[in-house]
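> Here's the letter readout for the chains.
Number of protein chains: 2
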Amino acid sequence: MSHFQEQLEKYAELAVKVGVNIQTGQTLFINTALNSVEFIRLIVKKAYEAGAKNVIVNWNDDIVSRLKYDLAPDEVFHEFPKWRAKEMEELAEQGAAFMSVVSSSPDLLKGVDPQRIANFQKAAGTALHKYRQYIQSDKISWTVIAAPSADWAKKVFPDAPADEQIDKLWEAIFQATRADQEDPIAAWKKHDQSLHEKVDYLNKKRYKQLHYKAPGTDLTIELPEGHLWVGAGSTNEKGDEFMANMPTEEVFTVPHKLGVNGVVTNTKPLSYGGNIIDGFTLTFEKGRIVDVKAKEGEEILKGLIETDEGSHYLGEVALVPFSSPISQSNILFYNTLFDENASNHIAIGSAYAFCLEGGKNMSQAELEAKGLNTSITHVDFMIGSDQMDIDGITESGKREPVFRNGEWAF
Amino acid sequence: MSHFQEQLEKYAELAVKVGVNIQTGQTLFINTALNSVEFIRLIVKKAYEAGAKNVIVNWNDDIVSRLKYDLAPDEVFHEFPKWRAKEMEELAEQGAAFMSVVSSSPDLLKGVDPQRIANFQKAAGTALHKYRQYIQSDKISWTVIAAPSADWAKKVFPDAPADEQIDKLWEAIFQATRADQEDPIAAWKKHDQSLHEKVDYLNKKRYKQLHYKAPGTDLTIELPEGHLWVGAGSTNEKGDEFMANMPTEEVFTVPHKLGVNGVVTNTKPLSYGGNIIDGFTLTFEKGRIVDVKAKEGEEILKGLIETDEGSHYLGEVALVPFSSPISQSNILFYNTLFDENASNHIAIGSAYAFCLEGGKNMSQAELEAKGLNTSITHVDFMIGSDQMDIDGITESGKREPVFRNGEWAF
Ligand SMILES: [Zn+2]
Ligand SMILES: [Zn+2]
Ligand SMILES: [Zn+2]
Ligand SMILES: [Zn+2]
Numbered sequence: 105m106s107h108f109q110e111q112l113e114k115y116a117e118l119a120v121k122v123g124v125n126i127q128t129g130q131t132l133f134i135n136t137a138l139n140s141v142e143f144i145r146l147i148v149k150k151a152y153e154a155g156a157k158n159v160i161v162n163w164n165d166d167i168v169s170r171l172k173y174d175l176a177p178d179e180v181f182h183e184f185p186k187w188r189a190k191e192m193e194e195l196a197e198q199g200a201a202f203m204s205v206v207s208s209s210p211d212l213l214k215g216v217d218p219q220r221i222a223n224f225q226k227a228a229g230t231a232l233h234k235y236r237q238y239i240q241s242d243k244i245s246w247t248v249i250a251a252p253s254a255d256w257a258k259k260v261f262p263d264a265p266a267d268e269q270i271d272k273l274w275e276a277i278f279q280a281t282r283a284d285q286e287d288p289i290a291a292w293k294k295h296d297q298s299l300h301e302k303v304d305y306l307n308k309k310r311y312k313q314l315h316y317k318a319p320g321t322d323l324t325i326e327l328p329e330g331h332l333w334v335g336a337g338s339t340n341e342k343g344d345e346f347m348a349n350m351p352t353e354e355v356f357t358v359p360h361k362l363g364v365n366g367v368v369t370n371t372k373p374l375s376y377g378g379n380i381i382d383g384f385t386l387t388f389e390k391g392r393i394v395d396v397k398a399k400e401g402e403e404i405l406k407g408l409i410e411t412d413e414g415s416h417y418l419g420e421v422a423l424v425p426f427s428s429p430i431s432q433s434n435i436l437f438y439n440t441l442f443d444e445n446a447s448n449h450i451a452i453g454s455a456y457a458f459c460l461e462g463g464k465n466m467s468q469a470e471l472e473a474k475g476l477n478t479s480i481t482h483v484d485f486m487i488g489s490d491q492m493d494i495d496g497i498t499e500s501g502k503r504e505p506v507f508r509n510g511e512w513a514f
Numbered sequence: 105m106s107h108f109q110e111q112l113e114k115y116a117e118l119a120v121k122v123g124v125n126i127q128t129g130q131t132l133f134i135n136t137a138l139n140s141v142e143f144i145r146l147i148v149k150k151a152y153e154a155g156a157k158n159v160i161v162n163w164n165d166d167i168v169s170r171l172k173y174d175l176a177p178d179e180v181f182h183e184f185p186k187w188r189a190k191e192m193e194e195l196a197e198q199g200a201a202f203m204s205v206v207s208s209s210p211d212l213l214k215g216v217d218p219q220r221i222a223n224f225q226k227a228a229g230t231a232l233h234k235y236r237q238y239i240q241s242d243k244i245s246w247t248v249i250a251a252p253s254a255d256w257a258k259k260v261f262p263d264a265p266a267d268e269q270i271d272k273l274w275e276a277i278f279q280a281t282r283a284d285q286e287d288p289i290a291a292w293k294k295h296d297q298s299l300h301e302k303v304d305y306l307n308k309k310r311y312k313q314l315h316y317k318a319p320g321t322d323l324t325i326e327l328p329e330g331h332l333w334v335g336a337g338s339t340n341e342k343g344d345e346f347m348a349n350m351p352t353e354e355v356f357t358v359p360h361k362l363g364v365n366g367v368v369t370n371t372k373p374l375s376y377g378g379n380i381i382d383g384f385t386l387t388f389e390k391g392r393i394v395d396v397k398a399k400e401g402e403e404i405l406k407g408l409i410e411t412d413e414g415s416h417y418l419g420e421v422a423l424v425p426f427s428s429p430i431s432q433s434n435i436l437f438y439n440t441l442f443d444e445n446a447s448n449h450i451a452i453g454s455a456y457a458f459c460l461e462g463g464k465n466m467s468q469a470e471l472e473a474k475g476l477n478t479s480i481t482h483v484d485f486m487i488g489s490d491q492m493d494i495d496g497i498t499e500s501g502k503r504e505p506v507f508r509n510g511e512w513a514f
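Residue numbers (the numbering used here), protein chains in the order written: chain R, 105 to 514; chain A, 105 to 514.
No lab work stands behind these hints, which were simulated from the structure alone. Misleading hints may appear alongside valid ones.
It does not matter which identical chain is meant; a pair holds if it fits inside one copy or across any two.
As the list claims (entries may be wrong) - Here are the simulated lysine to aspartate or glutamate pairs, EDC-like style, with alpha carbons at most 20 Å apart:
1) Lys186 <-> Glu197
2) Lys157 <-> Asp217
3) Lys150 <-> Asp166
4) Lys157 <-> Glu183
5) Lys149 <-> Asp166
6) Lys149 <-> Asp217
7) Lys157 <-> Asp174
8) Lys302 <-> Glu142
All chains, please: the whole structure from these sequences, using the hints.
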């Protein structure tokens, strides 16, 4: 077996055993593009070998999607295949596991009418609302991993020879996901523990507010009563552990929807629906985004914020040291799954119910009452840098260092 | 544009304009393997350009299907994705067009437990029952075309160099579908007319019985009252023409379910569910298959016949001259879509309602009463050769030549 094939097998095994942690008799649903067919087949094989009852692969082709955006009539972007939504919903009810293998080029939808994109995101969000509740409350096991496409590899390594770009991206993915290590499963166990130590510290402190200071950023974020910091591995309703994102370097919680004030500036480009948004500043008053400026993609960003009422508010606060391996690789992946792990970030849109004590069993209305945001969307963007300081402010008003110069301060 | 690319575009255009004959605002549903991605993208593009509202591509991977047969537990083969069935059913109700692009290797399922295959065929047949009624009564436009896979091309051209096999199969497909001609759409119009002349002759004659004589074959097939010969283009409920199979060289009708007597021997291998069945003889008494012998794949053939009650009876009688272009190409395609057009054939299983006067508006029970067979399956097999004579027997008992030495005798 070649070295590449060996790492590919380890990565497929990680996806199945650590990512969704497939259980005997369980169904696995995989969402993927056509880009890495051999890798997907390896995942399917390993899932059956690990006891899966059925593996359903939902293949999508980037070019077919793009042809639709370019050539179909407007009306069709208000529709999302309801059977697909029903399928995912019923499989979630039955306790299936869900894997997404992302590989799209960030430029896939460049030049597409932003209204078409916004309409389709909205239609998808509405159709998949119930399914996404299963995911966002961690009732079921799910994971998001990545595999290269030619266009994505070209975007990330534009200066490499054309025939080496995909290999270089695979290498970067193997490294970021620890698939290049001797025993990747053991490495993930250790990594999981170290993130959980940060989580435990923050959950004891129960800061009332976080105050962010950096060039272009002066932002105060209130944390709701009963907020929970979370990181690395999650546990589903049945008690099975899973890893929702691979890689993951963040510890995160929910902001109080109405308690965000000040200004924040992004530090890495945001790739959204295939478009790049960059050089942007958001101004918050009582949680709501009241001003938006962007050097690139301002219309797309405004469209995102106008998705629904909830997309005017934040739903996630995440901490990642500037020295994280992905930050140190100095690779800009143009993909949130990787780039969010290089930097402190926050998210526009829905808040995770599992980041609140008892939240998994609360209704949407109860969660809102506690300050958790609801939206059909959830989009992370990067705000961290080596110039970022963060203070935690306790109930009694005491300031304690959480981050200094982009690194953990405890 | 290369010569190959030119023919590929013509073929995609044929599929869209002659095959499903897409109408403005219509949805096109495409079932395909992952083998000919570029060709599928061309079809999608041409469908949108011809006015399609939406093109849904349902990709399936042969290797993923095979992994399931090899590694999944028994129980899963009794299940067919009900959402997929629901989707196709509802799209059919809404007047969508359906295209299947077949490409599987005939050896795909070699060595798989025949019980698993039979169970899954049965589950699929049951789940897709309503959808198949739309197809079999020609209420909606549908077409079956082909594209090469590497394994299929290797099977058809085992002696060609590995890097030429796919090109050779494309060439054979272009030739069989007239995509290699200057104006393929005009060529299909002409071909359609010439088949319709045979159809009109037979529909005037209204033979009571056909009597087949050939080595290993002495078979009498009664034709039901009101039977209709059909060939080449069909017309859907709305009056739009479409071409259900490309290529197609046959004119065909329905047998009387209970009026088949004698012995028939196949003349070309039957590829069924990825298995080869060959050298077989079926004996009929009052329509029912009462004896089955096969040199290869006898268990698979018996499994097919045991699918349900209706799979013990015939559902189609089709006439194809031995001099048909596909027969003359001397290529054995190991694929019914092509091989049936090289030879007279009959089909085990369900009968087409549109081959009976008023049949499209009859209930299943009414069709049965007229002698039309019902089954969840429909499998053609080849019985023609240059030694086959067929007589038509009129109401008054007069014998008239229909075929002599494998050729039309009128
Ligand atoms: Zn995050
Ligand atoms: Zn997030
Ligand atoms: Zn036929
Ligand atoms: Zn047939």
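> Evaluate each hint against the coordinates.
Against the structure, the hints:
1. Lys186 <-> Glu197: Both: 16 Å inside a chain and 15 Å across chains, each within 20 Å.
2. Lys157 <-> Asp217: Classified as between: cross-chain Cα gap 17 Å, same-chain 42 Å, threshold 20 Å.
3. Lys150 <-> Asp166: between (26 Å within a copy, 17 Å between copies)
4. Lys157 <-> Glu183: between (31 Å within a copy, 11 Å between copies)
5. Lys149 <-> Asp166: between (24 Å within a copy, 13 Å between copies)
6. Lys149 <-> Asp217: between (40 Å within a copy, 18 Å between copies)
7. Lys157 <-> Asp174: between (39 Å within a copy, 12 Å between copies)
8. Lys302 <-> Glu142: neither (37 Å within a copy, 49 Å between copies)
Checked against the numbered hints given earlier, the structure breaks only hint 8 and satisfies all the rest.
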